[in-house]
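Asks: Each chain, letter by letter, is given below.
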Amino acid sequence: MMNPTRDLTKPGCVIAGAVSILLAIGLATIYVTDTHYAAGHDGPANAARQFVYILASLVVVAIIIRLGYHAVLRHTYLLFALATLFLVPPLIAKLTHSNLGGFVPSRNGAHRWIQLPGVQLQPSEFMKVVYVLTLAWYLRYRNNYRRLGGLLLPFLIFAIPLGLILIEPDLGTVLLLIPVLFVMLFVAGARLRHLALIATIGIAAVPFAWDRIEAYQRLRVTAVLLQSESLRRDVIAHPDRYHRLATRRQALEWSAGTGYQLVHSKNAMGSGGMLGYGWGRGPYVEYPLLPDRHNDFVFAVVGHQWGFFGCVTVLLCYFAITLAGVRIASATPDPSGRLLAVGIVTLIGTQAVVNMGMSSGLIPTTGMTLPFVSHGGSSLLSGFMCLGLLISIARHRPFTLAAQPFEFTERDTVPHHPADQKAVVPGVIGPWSPARGPRNGTSVVLEP
Amino acid sequence: MFDRRLRVLVAAFALAGIAIILRLGQLQVVRANYYRDRAAQSLVQKAEWLPFVRGSILDRTGHVLVSDEPCWDITVDYSVIAAFSSDDPQVWRELTRSWRRRFRPPTPSEGGTIESLFRDAVHASWIELDAWERSRPRPSPDDVYDRARSIQARVQSVRETVAARRGFDAPVAEETQRHAIIAGLAPDEQIAARERLSQFPWIHLEPSSQRRFHGDVTPLAHILGGMGRVTAEDVARDPHVDDPFAAYRADESRGISGIEWSAESRLRGRRGRITVDLDGSVIPGEDIAAEHGQDVTLTIHAPLQDRLHKLLTDTVRGVAASSGGAIVVVDVPTRDVLALVSVPSYDPVHFDELYASLRDDTQRLPLRFRAVSNRYAPGSTVKPLICLVGLINHAITLDSREECRGFLLDDQPDRWRCWQVHGTSIRKAHGDIDVVGALTGSCNIFMYRLGERLGVDRLCDAFDMVGIGRASGIGLKEEDVGINPTTSWLSTNKNLTVTAGNARLFAIGQGELALTPVQLANLMATYANGKYRPLRLVQQQDPQPEWVLPVSREQWRAIRRGMYGVVNDPDGTAYEHAHFIHDRYALVGKTGSATAYPWPTAYRMSFTDEFGVRLTALVPAGTQNQAVERFTSEHPDAVLDADSVEVATKWPPGEPLDGENHSHAWFGGFLQELGGGGEPDWSREPRIAFVALVEFGGSGSRITGPLAKEIAATLLHVLGPELQPDAQRD
Chain A
1 MMNPTRDLTK PGCVIAGAVS ILLAIGLATI YVTDTHYAAG HDGPANAARQ FVYILASLVV
61 VAIIIRLGYH AVLRHTYLLF ALATLFLVPP LIAKLTHSNL GGFVPSRNGA HRWIQLPGVQ
121 LQPSEFMKVV YVLTLAWYLR YRNNYRRLGG LLLPFLIFAI PLGLILIEPD LGTVLLLIPV
181 LFVMLFVAGA RLRHLALIAT IGIAAVPFAW DRIEAYQRLR VTAVLLQSES LRRDVIAHPD
241 RYHRLATRRQ ALEWSAGTGY QLVHSKNAMG SGGMLGYGWG RGPYVEYPLL PDRHNDFVFA
301 VVGHQWGFFG CVTVLLCYFA ITLAGVRIAS ATPDPSGRLL AVGIVTLIGT QAVVNMGMSS
361 GLIPTTGMTL PFVSHGGSSL LSGFMCLGLL ISIARHRPFT LAAQPFEFTE RDTVPHHPAD
421 QKAVVPGVIG PWSPARGPRN GTSVVLEP
Chain B
1001 MFDRRLRVLV AAFALAGIAI ILRLGQLQVV RANYYRDRAA QSLVQKAEWL PFVRGSILDR
1061 TGHVLVSDEP CWDITVDYSV IAAFSSDDPQ VWRELTRSWR RRFRPPTPSE GGTIESLFRD
1121 AVHASWIELD AWERSRPRPS PDDVYDRARS IQARVQSVRE TVAARRGFDA PVAEETQRHA
1181 IIAGLAPDEQ IAARERLSQF PWIHLEPSSQ RRFHGDVTPL AHILGGMGRV TAEDVARDPH
1241 VDDPFAAYRA DESRGISGIE WSAESRLRGR RGRITVDLDG SVIPGEDIAA EHGQDVTLTI
1301 HAPLQDRLHK LLTDTVRGVA ASSGGAIVVV DVPTRDVLAL VSVPSYDPVH FDELYASLRD
1361 DTQRLPLRFR AVSNRYAPGS TVKPLICLVG LINHAITLDS REECRGFLLD DQPDRWRCWQ
1421 VHGTSIRKAH GDIDVVGALT GSCNIFMYRL GERLGVDRLC DAFDMVGIGR ASGIGLKEED
1481 VGINPTTSWL STNKNLTVTA GNARLFAIGQ GELALTPVQL ANLMATYANG KYRPLRLVQQ
1541 QDPQPEWVLP VSREQWRAIR RGMYGVVNDP DGTAYEHAHF IHDRYALVGK TGSATAYPWP
1601 TAYRMSFTDE FGVRLTALVP AGTQNQAVER FTSEHPDAVL DADSVEVATK WPPGEPLDGE
1661 NHSHAWFGGF LQELGGGGEP DWSREPRIAF VALVEFGGSG SRITGPLAKE IAATLLHVLG
1721 PELQPDAQRD
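Protein chains in written order, with my numbering: chain A, 1 to 448; chain B, 1001 to 1730.
Quick caveat, the hints were computed from the structure, so don't treat them as lab data. Built from N, CA and C at the ideal position, the CB exists for glycine as well. Do not rely on the hints blindly, as some may be mistaken.
[To be verified] A short, non-exhaustive set of chain B residues, derived as facing chain A with CB atoms under 8 Å:
id	residue
1	Leu-1024
2	Gly-1025
3	Leu-1043
[Said to hold, decoys possible] Short, incomplete list of chain B residues facing chain A, as computed with Cβ under 8 Å:
id	residue
4	Leu-1009
5	Leu-1027
6	Gln-1028
7	Arg-1031
8	Ala-1032
9	Tyr-1035
10	Arg-1036
11	Ala-1039
If we strip away everything but chain B, and leave its shape as in the complex, we get (with noise of 0.2 Å):
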């Protein structure tokens, strides 16, 4: 019995046996090709991303006016990065066993455990790292704790953000890779730095390059914008979010502004990527080559932009209470726009030092992108549209004449009159006047009854023909699509019903109806060459199709007509001003004034502080939430006194020149080629249709005609007499 129970037993471990044969069969023998490849994909370290070049964005001539520059980035692997300010002792343990192999201690001492000297070596390279920072030329609000700090709360909403995505939580490559703490080393920095850290196995040197603007782009800034970090919210709405190679990751920077931004998806290149072995020589085949971003190239013409820039400057720095201006040019064919300047400007090389200086300008506004994001209303510029879209709906004829006598209505002189004469308290009285001469002449009168006849519907979609309420083409984010004051817009936006009086307002470009710089420039342009086209500004862009406008040959040379008599004919409206006499090009152009209303720069409002002192404060900002929300987060603990705010400062700060409003004053127009005996050839097509706005310029052409001359003379300045942007001049 004992030899049967013995036999039991052998038989239990035969059974064990087969049981470890057939096991071993299946991993062997059935599964060996499966998991020989495992084995090999073992050897594999993690990967190691290549980075991109952004793309350069150069002007149309060629120049580079923005492109990524190679340099050095102090990196720090991220899980020391998330254990700096941890006292968890857990955390360190973990951190110490990770870095045991590749850690040695500065000193062979037999005080403390492995772990106390990593924490000590920590600590020690973080204050490295600190007077590394300090020792820097260049000044940086933050410091690298900061820079941690922000670093470890990105990374976690990240993830975050992933996680809510994935639906489960789970690490995000982030969490394995290296941080820059320290950017923007220069070689020979690179060099000194890398003596000095070396010790510390967490910190590294990492070819890395930082955007870099050639020369003074302060004329092109808010065109090119600028860079920021990638939030988790770009994370979350990327649509690359899936590809590891052009996902966004939480330390690299986007577009924020500007071309920049609208641009983006061109100037970004993808990551390349190579598999290490565990010898470190890298796996065949599994190299994969980083694809740089493309370069974009504007239409905006350099040398034009900044000599229009400067001359802008001037005019408003000459007008005292101008807060700024806009320029922009269009070549009429292509519509690409050779010129998109917006004053004052601001030098994007020392954006991150000045921000909070820009930030707090309430007064001259530098960051605005006037020329796109500005809204005015065009005032009598839209006055040839109007002429036009009578034209097309027979509500008037070009034989039509009009009255007037400076006054509308018979029963109410004092409302809906013609212009006032400059220096006087005289209304202009045109008397019977023909549609040239009303252009000439900018009359109210003929344009308040034509509007009335048309009605609002009918101007509204004439604006809308030329791209009023609708985006110019240009595709830059802080562009403002302007507004066309339809009945609905009307209804819903200022709860008005439609009246005559309505009508009359647009069609002397005032009450609701507003357009920016870029969008009147192209009206400008659709009134040089008779087609509707939206604007270009990178050249990658593709072309649209142009729509020509119904408008008779007949009908389009007597607006051109009028419009060449506003400047050029002695009774026109600019003629004092903006004369420009020149042997082959006549400056063909509108003026206008648009009713302008002063914004607020400060708010006075009043608080009790900590220890119960009634006090007053006065706090830069344009609206009043600005202002309040400013207060409370600077000042915490203070009680507001919510009544008590109220606009401390506005501008511009004195009373208008021009009796009445303030006006912002336009200057629209083109250069057009004279035939023999020098009157316009209207068969030929301008070539450069432009804009020019002075904010708070006053009513007339007092500022902007000097600065229209200006303009064309740069323009055949720099463009040749030609007027060709692609000519190799200058």
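With the rest of the complex left out, here is chain A (with noise of 0.2 Å):
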């Protein structure tokens, strides 16, 4: 039935070790952060809940490796439909500024998860991976986005969820889905000068949405701004100048105020030096200093303990991670599951990079969890999702004698006839079609 090419072997070892380095790190750092001094409102017993989501999770993975990636993609719009259903509640509860009667509890302001019996579920993790999946669905056979106008229309389908998600208020998930939206677009050959130019928009749009954004979201940007100490000094010598973007109060107040997280998440980070305090050790693990220091803030923890080292192999991981599922990526020749895969390697890299950058103070504080090693049930989950979906593309990988798909030449704009199309190997028609899938081609897969 299926036989595994030895060729991808290799990045899916590797994947799994690195996400299993990854998890062993957050258990630790969850354990050890849950033993001193409870995370306040969650209670004790944080690393016993991560491990039961890390089982629960890799149930899921088995499900979608036996199921192969092909069987999900299928019914992407399904699932996408779905997805948008779950993130109609929030949506409700926010305009109403209600809880819906438990239903969508509301945290710091923010409606984002759903309260079932047992457990708490956050649809907008589920939208991440969904939003790859339909984008790896829908562009797998286009090729009018080589045109700028063919651009236009997947912007505005997935601007949908994007706008969904936005008004819960979680301006980080969308933030993280556009550059999603924008490698996979690019991955799949639109043009960059027309990617540069949507994204130049979108930049010039910034100030327009500065006011529009809510207040504390601007007060996070302000906040890691408000970083450098001269700036700070600036801003109370002079606050007519910078009254858009911070007050005198604010600079003022900074480390006692919107800074204090970022400012403990720095001194733990800083005061772990070369080989940190150790497992366990460590003031900033005895004591609870920093706010979420077991789910967003995790990346500092690590750095108290295990220093600079524990952190460059964290992002090592990651970077493992990327390199094998860009690797996978090249070495299928499905469309979509190349799609999928660059989809899903964008996805956990660009988390993991903003999730570090914010705990290092490089970006304002978002919200996003560190895949694989921060504490929380949703995250884990969506993770081991698109874990299971890599390695499922690695497994399922057709043989296929056909032109890769994706590969454009600098003439290529206008849709070829398929029978005009270069065929690489001489002799056998290539899976293109203006529309469909396969349906005359005679390409051999290898699976069912």
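Using the hints, put the two standalone chains together into the complex.
Replies: Here's what the structure looks like:
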């Protein structure tokens, strides 16, 4: 039946290894931050919960691998509709300022979770995975996005769920999915200059959007900018110059106010030095000085315990996953598989980069968790789903002598008639069709 | 191409990764030590300040008069105080969040959010505090809610003051501290309070101290003074405002009168501080002990003060028209003030309760520190000084003689006259007298002529020489410096040009010339040993240099002989009443009377009330402005008829006993040692000088003479035959 080719065992092992290291680091850190002072209202036994979530997620991974990613992809649109549906309750809760009878509890003013008996789900986490799936499925055969006009439609379609997530409000997830969209389009062949144009328009719109985003989101940007002591002094001395950006009071009270978490995050990370304080040791482990140290800011605690080497290890694990994922993408001829692999890699990698940047003060706080390390059921689950899909792609490599998909030359702006297409291997009709999948292709696929 | 694009993607991630690694390097490699220090600092919980004990005030014999006594205060965190009257849900939300971890709801109920439970608990705690306050034995005019409000107002005004000084607004230390809502609990009260209030984590019982008077300190009330709350102006003018160990805080008290005020910097100590880490153990090297305030030793002899206070109180009570008096006793060589009596006085222990009635007693004015704050014309007591000045300036000599016929000017025999013999309308005519006789008989005519010859300027120089118009050296805030009526002063303040009439008046101690009892006591001491030196009230004050008057020994002998004659010669003005018979000492002194003007004690005014009815009110007050102010603050709705305000009653109410005017009565003098033969041995410097004043005591020595004898007897009894203030006696 299936014959996993040897080529992709290595990337698969690399991924499995890297993820295991990350899981271990995460569990170890969550465990020690548990035993010294319970993490506020979450209560003790975070580590136990994390372990259970891992096991549950592994089951899901097994299911996905068994089903195969194609099976998942076939039902993408349905999943997309479901995921969008799940996004509606938080939206309603936010607009009506209620928590829908406990169904959508609010935390810090954000309605992002759905409370089911025994477990809290975060729909936006699933939306991420489904988004990538849908994009991969949608883009796999189109080639009209070589033109600017053809590029706009995906943008518009995929703006809808982003909009829903944005209203939750969850700017972080939206900002994560935009690069994913860009990268998938880029890798699928859209012209760089078109993408650059859209990106420029987007960046140019930021000053206008500045006033539209929620106050607390502005505060987060302000908080990270006020890291610089010279900027703070400037704001204190000349508040009128910076009035759109930060108030004088924010600058004065930064280290106890909006900058509090960042200050402690940097303290924790920096005090780790080269080698760290050791597992379970160090003031930031023993005392609950850093908020969210078991989920959003777990990277800081990793740095605290294991120092520079610990942080670099985590970083390298993600890089390894990225490389392995890219290897899988490049080796897979199935267009949807390629796109999916790239999308997943971008998703995980960007999330990791954003979280690590946030912990070290390069990026405003977003609420992104560190995949596989942070505590959080939905985060783990979506991470493992990505993992499962990736492994599934690696395993189900169709042997084909067809042209590699997404190979364009510069002159390719008009859809070709299949008959006109230059085949790499003569005599075999490629899977190309302007509208649909292989209909009359006789590609040899070594899979049911 | 796909592969190429993939490579671009990988490169992008690699770049991001490098950026992060660089940042990590910056944090963890380059600045690791910095962050390690900061991490260590984060372990520190907020510092706890340790209170200091305020210094005690002792008298010269070592008795403690006032000291800090440990007690307990019930304190509440400022955040709860600030919120108690607020309805803003945001405020309560934040408050709930900050107390969340420490607050256990009394009943684990299902109903209500944590916020409403917390709010109910806070309200319940205020009710408990109020009930506790009401159950205390000593009633207080304000309740816990008033106190909470006033604490809030005070802290806010401190914050505004500090913000104005710093240039930007930021929270002040007082907003993170606990403030006393109920102060001064005894140890057993504290235990009961702890049991009752321990369920509320924002209520604490903290050790504290309160000022305690030892024994009956009514005679010393004015000297000791009292404490009051620190106000925003105190914070604004605080020289230590930037030193967190010494700066004033809004919930502290500071001296506001008397020695408590003048010795504030010595009595006040410095706080201590301990910093505690999150486990509650003290961080070594970070604990700084409190420095307690230093004690202040007064030069006052408390047993003497007590005796003299009682003596003066009895005397004043025996004079119907008298509203009070003062006695000042000075140690001549050192100019230490041994007694500073001011009658009437009050009991400082019950000051808070009695304050309103003390303030409103416009007749007796018990809060007035007469001995240092009130100035009176010295009358004949300056005549020795005038004679001295005449001798120094060669206006007269020891042999000069004058003819006193009872009046100065032939064409105006009813003006410039000598004094009136008591009980008659006859004016005294001394006949042909010299300096000594002029003093003994207190001849006005002699002085008029001398004053004319000297002129106002030379007289005023002399007054300045003995400290009139200048601070006496005791350093109290209540002190008045008297009036030295120089030419410029007269033209500025009274719009007068100087004439001979002024000089004549000054020469007999009347007119604009005025001094306080302490200044006159110092003048008496100057008469006694021929040197001028500022007075001293606190032993820790540095002694001042003395200045020898440019008067020869013969001249001094004459002057003192004259003063001796006042009391001890049959024709002396005080002989009848003040002749003190003792084998070792003679009383040498001078009487005086100052023209006294009655003062208003209540005003009458007409007004229309809110119903249109025209009524009359009687308002106790000392001045018209005070009366109007008092009226308008008590009756804001009434319309006052400003023209109708007039003096209703004054003190003294009756007509003067001695004819034309009321007079205050002075006696000032010193105890001179006798030699062989019962005559004074002028080579021996007297040790003690004193002054006594009886308000509205009439002219002459009828009242002050016997008083002076009693004072002399008391001095000898208390201080011993050697008149040594530091001898171990009584």
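Asks: Look at each hint and say if it fits the structure.
Replies: Hints and how they fare:
no. : hint     : verdict
1   : Leu-1024 : 5 Å, holds
2   : Gly-1025 : 7 Å, holds
3   : Leu-1043 : 5 Å, holds
4   : Leu-1009 : 6 Å, holds
5   : Leu-1027 : 4 Å, holds
6   : Gln-1028 : 4 Å, holds
7   : Arg-1031 : 6 Å, holds
8   : Ala-1032 : 4 Å, holds
9   : Tyr-1035 : 3 Å, holds
10  : Arg-1036 : 4 Å, holds
11  : Ala-1039 : 4 Å, holds
In summary, this structure violates none of the numbered hints.
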